[in-house]
Amino acid sequence: MALKTTFTGLALGLSMIAGIAHADNIKIGFNVPLTGFAAADGKSALNGAELAVEQVNSAGGINGHNIELAVYDDQASPKEAVPIAQKLIEKDKVVAGISGSYSGATRASAGIYQEAKIPYVSAFAIHPDITRAGDYIFRTAFVGEVQGRAGAKLIGEMLGKKRVAIITLKNDFGKSLAAGFKEAASKFGIEIVSEYEYSIKDRQFGPIVSKVKSDKPDAIYASGYFFTAGPLVSQLRSAGVDVPIIGQEGYDSQKFIEIAGAASDGIIITTSLDRDSKSAETMAFISAYEKKAGQKTDMVAASAHTAVHVIAAALKNASGMDASALRAAIAATNLPASIGTISFNALGEVQKDVQVQVVKDGNWHHHSVISDADLLAPPNE
Amino acid sequence: MLYLELLIQGIVQGSIYALIALGLTLVYGLLRILHVAHAALFTLGGYIGVIVTNQSGSLVFAMFVAAILVGLVGMAIYKLAYEPLLNQPPFIALIASIALFIASEELFRIGFGPYGISYASQPLTGHLELFAGFRLKYAEILVIGMSIIILSILAYLSVNTRIGVAWRASVTDPSMARAFGVNIQNVRYMNFFIGSALAAIAGVLVALLNNFVEPTMGSVASYKALAIIVLGGLGNIRGTLLASMLLGVIEAFGTIYIGHLIDRDALAFGFLIIVLMIRPQGLLGVK
Chain A
118 MALKTTFTGL
128 ALGLSMIAGI
138 AHADNIKIGF
148 NVPLTGFAAA
158 DGKSALNGAE
168 LAVEQVNSAG
178 GINGHNIELA
188 VYDDQASPKE
198 AVPIAQKLIE
208 KDKVVAGISG
218 SYSGATRASA
228 GIYQEAKIPY
238 VSAFAIHPDI
248 TRAGDYIFRT
258 AFVGEVQGRA
268 GAKLIGEMLG
278 KKRVAIITLK
288 NDFGKSLAAG
298 FKEAASKFGI
308 EIVSEYEYSI
318 KDRQFGPIVS
328 KVKSDKPDAI
338 YASGYFFTAG
348 PLVSQLRSAG
358 VDVPIIGQEG
368 YDSQKFIEIA
378 GAASDGIIIT
388 TSLDRDSKSA
398 ETMAFISAYE
408 KKAGQKTDMV
418 AASAHTAVHV
428 IAAALKNASG
438 MDASALRAAI
448 AATNLPASIG
458 TISFNALGEV
468 QKDVQVQVVK
478 DGNWHHHSVI
488 SDADLLAPPN
498 E
Chain D
742 MLYLELLIQG
752 IVQGSIYALI
762 ALGLTLVYGL
772 LRILHVAHAA
782 LFTLGGYIGV
792 IVTNQSGSLV
802 FAMFVAAILV
812 GLVGMAIYKL
822 AYEPLLNQPP
832 FIALIASIAL
842 FIASEELFRI
852 GFGPYGISYA
862 SQPLTGHLEL
872 FAGFRLKYAE
882 ILVIGMSIII
892 LSILAYLSVN
902 TRIGVAWRAS
912 VTDPSMARAF
922 GVNIQNVRYM
932 NFFIGSALAA
942 IAGVLVALLN
952 NFVEPTMGSV
962 ASYKALAIIV
972 LGGLGNIRGT
982 LLASMLLGVI
992 EAFGTIYIGH
1002 LIDRDALAFG
1012 FLIIVLMIRP
1022 QGLLGVK
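Listed in order, the protein sequences are those of chains A and D. Read in our numbering, the first sequence has 442 at position 325, and its numbers run on one by one without any break. Read in our numbering, the second sequence has 929 at position 188, and its numbers run on one by one without any break.
Since the hints were derived computationally from the structure, they do not count as laboratory data. Treat each hint with caution, since some may be false.
[Said to hold, decoys possible] Here are the simulated SDA-like pairs of lysine to any residue, each with C-alpha atoms no more than 20 Å apart in a straight line: (1) A:Lys318 - D:Tyr964; (2) A:Lys333 - D:Phe1010; (3) A:Lys333 - D:Ser862; (4) A:Lys318 - D:Val990; (5) A:Lys333 - D:Val990; (6) A:Lys333 - D:Tyr998; (7) A:Lys287 - D:Tyr998; (8) A:Lys330 - D:Gly867; (9) A:Lys287 - D:Asp1004; (10) A:Lys330 - D:Ala873; (11) A:Lys330 - D:Ile997; (12) A:Lys204 - A:Lys477; (13) A:Lys318 - D:Phe842; (14) A:Lys287 - D:Phe1010; (15) A:Lys318 - D:Phe994; (16) A:Lys330 - D:Ile999; (17) A:Lys318 - D:Ala873; (18) A:Lys477 - D:Ser862; (19) A:Lys330 - D:Glu870.
For reference, chain D alone in the conformation it holds in the complex:
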């Protein structure tokens, strides 16, 4: 019973990790940039979600607005910060990304105040009582459901649409894709739009679970998502999803059974180190 609850908690956390890390792995797969500022888009999504929900009263509408606005911000980050640096060594873009992330935390603080914000009346506070004493909160169901639906749609689109095929071709071999007439620029924009929109949705969902968005909300996501994509095999989407779920579940059990020895983050990185010792290319990465 307790194990089942811990497993569910792990899957909830894993679903959030998956939504955040996917955008990161998409960017790495395409551009070989470690996009640390991605975590700032997660925070921005949370802020927009709470503010729009409080103004409009609709969580669904807020989620749409957050996804679209943050998607556009993601495209702007690519255009303004990364594109001019593409010919530089990758660590230059990494430094730019870290700078953007740090600046964004202070911008959130200046723009929205240091205290953080909450839903005026928290949506989806109810729960489903599956059997005696075992509860699934609506918000948790939404988190798991959204991740499965969104990721399935993306998987379908990447296989069955022209733009999806163009995207996969660009990841595998950019110059060949260009030779076949793929507009690489559009693929990159789309890549940032989708990845950022996913982070925004994760932000809205986390805001829902915690009823709280604060300027430093992205600080854990910024490094944990990096650990996840390394664990999964850099740029590998299936690996990223697997690593997200594994890490969510390991953290859930680890917090309870070895949490007094090492903390949650140490657990994640400890696991990462062990996996990399055995499989340096990550869980599903190719050498």
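Pulled out of the complex, with its shape left as it was, chain A reads as follows:
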């Protein structure tokens, strides 16, 4: 009996200590798809974010306090994301939130963070309406249109290809990329010879491949994620279509190279992460990520990693802990991070260069950088 009481007392004491240590941590909300169709990107995002938390804490935390992620699985679904955002704000009392999820879920939670006036950073969801939810919402990724315009410059000016076929993933990601591309196409003398759309569930592109082949374009601008782009590129190449294929950050994963195999060689994409970067932040991120995750890094992981560092830096710079001071500190960000030097415009959109990467010998490598501030200007309102 005495023994049992001692144990109970001990357990109670331990839980109190744990409780205190817990309360001392600064909590950052993190919604991320860990199950369902987007689970692969979710896993990368979580690894990237956790790495950033470890780095911040081992460097002394925020004025002596450790930061901590409160992680919930949103399955990349808006209807999961809404209660998660509410729970994070009301129950977990997070000081800020990060979306490691896709646009649908991110748009849904952005409204809730804005209403509660808690800062929220979208790591890689690209729908233009996300930041329009209000002044507490920021984004470390390019909106789709910006990257689409960069793609047009890459194809029309840098590669000098003028007759282009567009293959578009039929969701907000693919459609906003295509919109940006078409908007800038004429500026770079590009003629769009044909345009096709596919659904995110498609993995077999036989009919589109046959038609593109008969269109005889000089280059192909194809949007997609690694799991659609891998099969698409491999099917285009094996059908004998050998013109340049230009993709974007959705391709940006080692997995794309694995799926497309030899067909991936020479594929060029616009993205955020430069594998051959000489910046200390990027080099440290790439090696630490490979050590932590046991696999090569990707754009999604780097973006989530950057989002955590943006909030951590703002927490350090903010005068006091209240949300409006934190918001102001995030808005004033000027931070070298794993995806380049981050600053935000009035709408909370990131302003940075577009990295162009190319697959060489089974790895992503530096191709070029696009740093045309006018062309890359994100929406301001």
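Since the structure of chain A is provided, determine the placement of chain D on it from the hints.
Relative to chain A, chain D alone:
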């Protein structure tokens, strides 16, 4: 030329649909269960195919292993999930089947990782150049060839062997078949084994075409195969084959010529609705 290529692409897709939908229609014909979890066996086949090929280096061996293992899993699903529910209304088994399918996607994710897997070196990447600019990939030839061979063998067996006759008798009139001494239980096991093995082979072939297997690979197959067997006339094998090919070809042309208006799935279901308005029993179904 383009039309010919689109037709071939349609037949390739139709052959895959046929292999998947056949198992589904076999189960429906015999037990009146809509076996949604069938699509999970298609995914499982893809995983086993890639893993065994990567370990052994032989695609043929991998296909055998996938067919046999998945066939056994199919039998186990019947024994553990459906048999206890046979006396319940059919929607109970349908709910069980949907639950199994959803759970399986997460099991694949937990077991094999969220990123999906690919062949270490993709087999059969070459092609046959039939005439200038017209290519048939080896993998596509294999898909069409396998479907024709497998389906012909099955058709032959169902007519010319005792077990085939027993199977057809059980579908037509189970109680009469039992009265004539047919072991209904064995027929059901065989039914699930063959149907599941076919789905596994389809999985290996799709993995070959895409060089990619992922946890959600069966999600399209799960509902499209249902549409196909309804289109063909529930439980009707010839109807299922016809519907598979028709849908494959319609999707191939539709993707190109009206794909900007409606997507591939909408196309399939639109076609289904039109056919059902004219022939409520399906293409070859009987009233």
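- Unsatisfied constraints (hint numbers, rising): 2, 3, 5, 12 and 17
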